[in-house]
Amino acid sequence: MKRCLALAAVIVATALLPSLLDPRGYWIRVLTFTLLFAAMAQAWNIVGGLANQTSLGHAAFFGIGAYTSTVLLLKFGVSPWLGMLAGGALGGLAAFIIAIPTMRLQGHYFALATLAFGEVMRVIANVWTSLTGGPGGLSVPFVPPSFAAYSFKLLRPHAYIALAALVVVTAIFEIIRRGAMGYRLRAIKQNPAAAEVIGVDTTRVKLQAAVISGALIAMLGTLYAQVAVFFDPDTVFGIASISIRIALIAIIGGVGTAAGPILGAFFIIPLEEVMNDLLSSRAAGLSQLVFGIILIAVILWRPRGFITVFDSWRARRSRTVAS
Amino acid sequence: MSFLQAILDGLLIGGVYAVISIGLTLVYGVMGIVNFAQAEFLTIGMFVAWFAWAFLGLDPVLAAPLSFAVAFAIGWVVQGQLIARVLTAPSVAQIFLTVGILIVIENGSLLLFGSQFRSVTTSYQTVSLSLGPLFISIPYLIAFAMSLVCGAALWWFMRASWFGRAMRATAQNPSAAKLMGVDTELMYKMAFALGVGLTAFGGAVILPYVTVFPGVGGQFVVLMFTVVVLGGLGSVAGAVVGGLAVGVIQALSSLFFPIQLQNLVLFIVFILVLAVRPQGLVGASR
Amino acid sequence: MAGAALAHGGVMTILEVRSLSRRFGGLQALSEVTFAVDQGEIVGVIGPNGAGKTTLFSTLVGLIRPDAGTVRLDGKDLAGLKPHTVAGLGMTKTFQNVALFAESSVLDNVLTAGLLRHGVDAARSAALGCLDRVGLRAVAHKQAGNLSFPERARVELARALCTAPKVLLLDEVMAALNRAEMGEIMQLIRSLREDGVTLLVVEHHMRAIMNICDRILVLNFGRLLADGTPGQVARDPKVIEAYLGRSVEARQ
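Residue numbers (numbering that gives the first Met the number 0), protein chains in the order written: chain A, 0 to 322; chain B, 0 to 285; chain C, 0 to 251.
Hints may be right or wrong, so weigh each one.
[Unchecked claim] Here's a subset of chain A near chain B, in silico, CB distances under 8 angstroms, partners left out:
no.: 1; residue: Phe116
no.: 2; residue: Ile211
no.: 3; residue: Leu288
no.: 4; residue: Ile292
Derived from the structure by calculation, the hints contain no laboratory data.
Ideal Cβ positions, reconstructed from N, Cα and C, are used throughout, including at glycine.
Using the sequences and the accompanying hints, generate a full structural model.
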């Protein structure tokens with residue numbers, strides 16, 4: 000209960016932030032991307048946390064979303080909002096297609112297979128130049144500002160949309176976790192044979208989790224496209240830039256909990272920005288290097304993420320309260 | 000005719016792919032973890048060999064043992080200090096630790112050496128022998144020969160030496176091995192260091208025909224994983240079979256597709272094997 | 000004929016097994032096993048270790064695919080169906096070494112089974128009811144992995160019950176129980192029969208089996224040796240030989 004209140008407080012505070020920050024400034028941009036990546040990590044959390052399958056290929060769906068809405072806008076003038084829905088549908092479909100052959104794989108094998116899928120999409124995007132613009136990437140065309148066209152003069156609306164997206168994805172995560180699907184996923188995680196015998200359709204439940212997760216991330220791809228305005232295959236289908244990063248955010252924050260991806264994003268994204276600022280100007284690769292070192296350090300210190308730190312604080316506090 | 004030539008080239012290159020990938024399968028077989036950073040040691044091996052060529056005038060093939068030694072040392076420390084600590088952690092932690100190591104090595108190389116492409120020139124680079132209507136490229140042949148030597152040495156090591164047998168015992172049953180007096184921690188260090196050393200050795204050997212830059216390892220990642228998955232994660236013999244198979248698949252696909260799509264063919268093979276026969280052609284499931 | 004339940008003398012045949020066979024490598028685990036169970040019967044399944052009893056149960060619920068033979072539940076052919084479908088049709092089993100979701104609470108374990116027929120809230124009440132039935136309501140919120148082995152076996156029984164089965168396969172549910180606890184379980188089994196559940200029970204406690212079962216199936220080396228009332232089976236020379244070995248006959 001306390002964690003829910005803390006989370007609600009954080010969300011309310013964050014809801015006020017966009018209004019407080021300079022709408023043209025640097026920090027509101029950082030906030031927008033932080034919220035966006037938190038939402039992406041939360042969507043990943045559905046498969047990585049609840050279904051306990053470490054996917055390293057979620058960039059595949061993210062890129063599908065970004066490209067679908069942008070291509071529809073460029074070629075047919077379709078509003079990005081509709082494009083987002085189309086992207087979501089395609090992302091869900093892709094997740095379904097990927098989930099079927101990887102269904103039986105565990106742990107490291109599953110990570111490898113999903114990694115390969117992400118790369119397949121990246122290669123296709125690089126090669127199918129007529130559709131995707133190839134390695135040169137795509138620019139979201141300028142359109143007179145209006146909500147219907149998902150075009151704004153300032154960054155503040157983008158931040159609010161990202162915030163709304165985070166709230167929605169987190170709500171979906173919690174609904175799944177607390178509902179019948181959550182029970183079934185936990186059963187499958189702990190003993191798949193027993194789960195089957197008592198009536199859990201393990202294949203269907205895992206597919207559902209995969210499709211929901213894929214569709215959500217694809218829709219977030221549209222958000223990214225509209226904010227970033229330009230992207231290329233290496234950015235939106237990238238292993239390091241997307242797949243690993245969102246899994247990492249969820250893991251460091253605490254995988255399998257609603258708060259985890261949010262905590263993780265608010266720690267990692269601003270940290271990355273600061274490091275890029277301070278260090279990248281000095282030498283290429285230095286900020287990433289430092290980041291890699293931090294990652295190793297966190298894994299060694301707390302293999303399950305920051306949530307375990309909070310758990311032990313809470314445990315210590317409740318013990319003293321009880322005595 | 001080009002078909003046969005492709006198969007020949009594929010086999011020659013495939014031998015090297017086997018050597019490069021054996022380390023990955025060895026680590027998985029002994030410790031049960033997939034080292035996502037394995038390809039980075041290829042980069043290390045190539046850089047060591049390049050600098051040996053640039054500053055000492057050593058032919059890359061002669062520098063290969065040096066690459067092995069450097070990677071072995073680094074691997075020994077990495078295993079002991081980092082990987083050993085997550086052997087009992089959930090797989091997600093293991094995956095991300097090796098991913099972190101990948102990031103550190105790749106960006107470390109970028110910082111130390113800069114992003115420019117480097118290559119070597121050797122006297123035999125463009126020479127080929129003719130075997131009837133077919134050509135055998137000398138760099139490929141030498142690489143293949145070195146791989147054979149390496150493979151034979153490894154085979155002797157695993158079968159005949161005490162270390163090798165202790166490692167295989169640790170792979171099959173760590174607690175039983177411990178009871179028999181095997182220092183399993185030492186075995187893990189040995190397996191990891193040996194594994195990355197072999198990958199680095201392979202890197203040096205391919206330097207005559209591959210350009211080195213900090214991201215070169217990344218280009219071989221999927222290839223390496225396809226080799227070991229095809230052969231069976233954990234099976235050294237499988238890595239050999241997988242290496243040759245991947246070499247041939249790659250060579251044949253170069254006849255029909257541009258280079259980008261060649262990679263796609265490999266990916267698809269990789270995914271198919273994982274989906275249809277995860278234990279690979281040779282390996283037994285763990 | 001196909002699809003209709005067989006009725007004879009007013010009693011329905013609820014489970015029909017014909018020529019069920021399954022091989023694992025060099026071992027013939029099940030060999031042409033054929034029997035039928037009427038609705039409301041309590042049928043014991045006994046046999047030496049390795050006789051194929053657990054394999055039989057796993058094949059009936061669909062965890063293992065048979066090489067040959069058919070299984071019909073209430074007239075419906077179960078060929079190729081996955082265990083969750085079989086559970087939906089009304090047949091489930093407990094696991095010999097107990098397969099609980101150790102990190103979840105006792106209640107959550109049983110609740111998950113209830114989701115087969117209800118939404119979450121109704122499943123929760125059904126689960127509490129099932130826990131009451133096995134006498135474990137008090138530990139509903141404990142972590143399942145922390146209970147003693149007999150308690151965990153009872154949770155597993157409650158969980159299987161929560162799927163509202165027509166046919167319940169119990170695999171050594173009385174192992175490691177003391178006399179009093181066994182009596183309780185036997186009482187429970189009888190009360191389940193009164194509610195219309197058909198039970199197949201694998202057990203090693205001979206007295207218990209002879210006591211509550213209407214009929215006994217004897218398996219040995221994957222083959223059905225005998226199929227009859229407890230009295231018939233106890234006197235069957237083939238059964239005696241299987242348990243005690245050739246020495247008995249040799250001595251006679």
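Here is what the structure says about each hint:
1. Phe116: Holds: closest Cβ of chain B sits about 7 angstroms from Phe116 (chain A), inside 8 angstroms.
2. Ile211: Violated: closest Cβ of chain B sits about 20 angstroms from Ile211 (chain A), beyond 8 angstroms.
3. Leu288: holds (4 angstroms)
4. Ile292: Result: holds, 6 angstroms to nearest chain B Cβ.
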